[in-house]
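Novice: Using the sequences provided together with the hints, build the complete structure.
Just so you know, we're using our numbering here: the sequence shown kicks off at 1 and counts up by one.
Keep in mind that the hints were calculated from the coordinates and are not lab data.
Some hints here could point you the wrong way.
To be verified - Capping the alpha-carbon separation at 25 Å, the derived lysine-lysine pairs in PhoX-like fashion look like this:
(1) 470 / 319
(2) 319 / 256
(3) 632 / 523
(4) 310 / 344
(5) 344 / 319
(6) 319 / 475
(7) 595 / 523
(8) 632 / 597
(9) 344 / 455
(10) 626 / 573
(11) 523 / 597
(12) 455 / 310
(13) 573 / 632
(14) 409 / 470
(15) 573 / 613
(16) 409 / 523
(17) 595 / 613
(18) 523 / 344
As the list claims (entries may be wrong) - Label pairs and their computed distance ranges (CB to CB):
(19) 454 / 170: 53 to 61 Å
(20) 526 / 479: 20 to 28 Å
(21) 338 / 382: 23 to 31 Å
Where a beta carbon is used, it is the ideal one built from N, C-alpha and C, also for glycine.
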Amino acid sequence: MILRYIVGLLPYLISAGICIWVGRLATTRKQDIASRALVGLAYSEAVWIISYIFQILSRQIEINLFWNNLQFLAASLLPVFYFGFALDYNYRQIPFKRFNWNYLFIPAGLLVLFIWLDGIHGLFRVNPQIVPSDLFYHLKFQNGALYGVFTIYTYTLITLATLFFVVKYIGAPRLFRRQVATLLIGTVIPWLVSIITALGLIPLELHDILPLTFGVSNLIIAWSLFRHHLLDLVPIARDTLFENLSDAVIVVDTSKRVLDANPAAYALLSAPAESLIGREITSLLPLADNWADFGIGRSMQITQISLPAKGTTQYYQVKVNRLLQDNGELSGYIITLHNITEQKQVEVDLRRSMALLQATVESSASGLVVFDQDLNVILHNQRLVELFDLPNNWQNQIDHHPLDMLAQKMTDASPFLTALENIIQHSVEETSVALDLHSGVTVDCLMTTYRLEGKQIGWLFSFRDMTERKLAEQKLHELAITDSLTGVFNRRHFYYVAQTELERSHRYDRHMAIILLDIDHFKWINDTFGHLVGDQMLQALAQRCRSNLRVFDTIGRFGGEEFIILLPETCIKEAIVIAERLRHAVESIHIPTPKGKASITISLGVACFEPGKPISLDQLVDAADKALYQAKENGRNRVAVYSQQQDKLPGIE
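Specialist: Following this line, the structure appears as structure tokens:
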């Protein structure tokens, strides 16, 4: 008899165990917001199954109803978690991205409350009774009016969630369709079975077979977790990829795994699309171990690699762009490979004929020089002399070797000498290095082994002027981080600097202060003297503040006529002194106009981070803003300090 019980319960126990196991697996994927709903979904199914097991073992109607109530608790939560999972997983494809599905727990909780109070109103289960079978006991009842409400609520959420997955499948890139399809199959199985049993299409009861489908469903989800990297591999940068790009484009996550790629990348790597997803990028491309670190502090870094292809060597220029979220957090990389083999082949062809090489060298925009195996200059062009500001007949100086003369023109010759050693002593076929010259010019040096009919006879050095490009990149960087009118940091970059300093203050228990200042009656300045004078006043204010701050303080434009100042290593008393100094300094600003001299005053709010009192940057800025508000309330042209111990902010004259 016991063996029959065990055999009868074993499928349900296995199904419950699978649900718990998948829920545990999902908790390890905390980096993805969809994992939270998946955890709730799996654990709710486990509660459903376990409640059902105790229900069919209970012969007393009160105990049986208790377990049935607990089962409907899980049944009420399941659609919410399923809907939430679909919403979080497909948040880029659905129209109401900002909807918080957690609000659905409110109607679910009300529904559960009414079900548990069924003994009072009898609107859910009509005439419940226990019907014994061969081994277990089954609760039979007629569906009340509330049961219909429960059914509409459940299948509405299920239908919407399933439609989300269908839309996701239709719009998903080819590489991710298997992931979405597997996930859709796994999650929809229980709901299809419930519909089939409700329509009487199979000779099985819903309550007998549905708990078993949960285990099957979660097995498929678990397989998707491992096989298709569900919750790990979400196409975060598909909008930046174009299917018709001739350059190979690969998207990589922060763990250096491939997330997505375009057809040119498949062709380049000679691998099917499915085999690329989830692989380490360094297993596919010969990148340096620290390739991801090159882009820190810059929007893009460029290097070169070579790859074998059908008996030849193909050369590629590799660009690495960092993908940053709105909060500045790194979310991955975009790697672009541009084939430069033809450019390399041109250099090889030039080396085959000295006559053709000389003609091409002189017409080149790059500075070129060819050395033989004894490191004597074979030829060079005038562009090289101009770039390095070399004297006439520089290559034949008795007291200086040509390589030394080039190195002496560099601010730091170490990278050049290291690259030179690699290509000459270690037989490296090709290398490149960026160099800064004393003249202020930045050049990209490409060193290539010079061969004739397969025999090495020397080396070709190509120096390309990168100064304008470097200056343009610097200018773009400055434009990206500064306010165009006042020249101080813009709000976004100020937050980046301030967040870094606050983290340092937290780590080393250092004080840090924030000052938020606002021009008093600035609208009156614009209305009276005109917006041009208003702009001049903002510029003068920014300049006056910078001249009265310390070198390590940071000022940014917060918005309109508001400015924000970061004071590292500064306690509240020191911050007050600085704020008062700024207030007095600004009072002396006068701009002559046809309508008389324009002058301003400012109100300042001060807030301070104190060691041992954790606070976020937003909270600290908000505290300074409250202090600024108090300064204005107290009459303007004054400093106010935020204090957590006081209901009112004291104004300081």
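Novice: All hints, please: hold or fail.
Specialist: Each hint, compared with the structure:
1. Taking the CA atoms of residue 470 and residue 319, the gap is about 16 Å. The hint holds against a cut of 25 Å.
2. Restraint check for residue 319 and residue 256: the C-alpha separation of about 15 Å stays at or below 25 Å, so the hint holds.
3. For a cut-off of 25 Å, the pair hint linking residue 632 to residue 523 stands: about 15 Å separates their Cα positions.
4. Of the pairs offered as hints, the one joining residue 310 and residue 344 holds, with about 17 Å between alpha carbons and a cut-off of 25 Å not exceeded.
5. With a CA separation close to 18 Å, the supplied pair residue 344 and residue 319 stays within the 25 Å bound.
6. A distance of roughly 20 Å separates the Cα atoms of residue 319 and residue 475; the hinted pair therefore holds under the 25 Å criterion.
7. The hinted pair formed by residue 595 and residue 523 meets the criterion: a straight-line CA distance of about 16 Å does not exceed 25 Å.
8. Of the pairs offered as hints, the one joining residue 632 and residue 597 holds, with about 24 Å between alpha carbons and a cut-off of 25 Å not exceeded.
9. Restraint check: the Cα-Cα separation between residue 344 and residue 455 comes to about 17 Å, which is no more than 25 Å; the hinted pair holds.
10. Using a Cα cut-off of 25 Å, the hinted pair residue 626 and residue 573 holds, with the two alpha carbons roughly 18 Å apart.
11. Restraint check for residue 523 and residue 597: the C-alpha separation of about 16 Å stays at or below 25 Å, so the hint holds.
12. For the hint linking residue 455 to residue 310, the alpha-carbon distance of about 22 Å falls within 25 Å, and the restraint holds.
13. A hinted pair counts as satisfied when its Cα atoms are at most 25 Å apart, and residue 573 with residue 632 qualifies at roughly 20 Å.
14. For the given pair, residue 409 sits about 19 Å from residue 470 by alpha-carbon distance, which is consistent with the 25 Å threshold.
15. Using a Cα cut-off of 25 Å, the hinted pair residue 573 and residue 613 holds, with the two alpha carbons roughly 17 Å apart.
16. Using a Cα cut-off of 25 Å, the hinted pair residue 409 and residue 523 is violated, with the two alpha carbons roughly 55 Å apart.
17. With a C-alpha separation of about 50 Å, the suggested pairing of residue 595 with residue 613 is violated against the 25 Å cut-off.
18. Straight-line distance between C-alpha atoms of residue 523 and residue 344 comes to about 62 Å, which puts the hinted pair past the 25 Å bound.
19. The supplied range of 53 to 61 Å is met by residue 454 and residue 170, whose beta-carbon atoms lie about 55 Å from each other.
20. Checked against the hint of 20 to 28 Å, the pair residue 526 and residue 479 passes, with Cβ atoms roughly 25 Å apart.
21. Residue 338 and residue 382 have their C-beta atoms about 30 Å apart, which keeps the hinted 23 to 31 Å range intact.
Of the hints listed earlier, those the structure fails to meet are numbers 16, 17, 18, in rising order.
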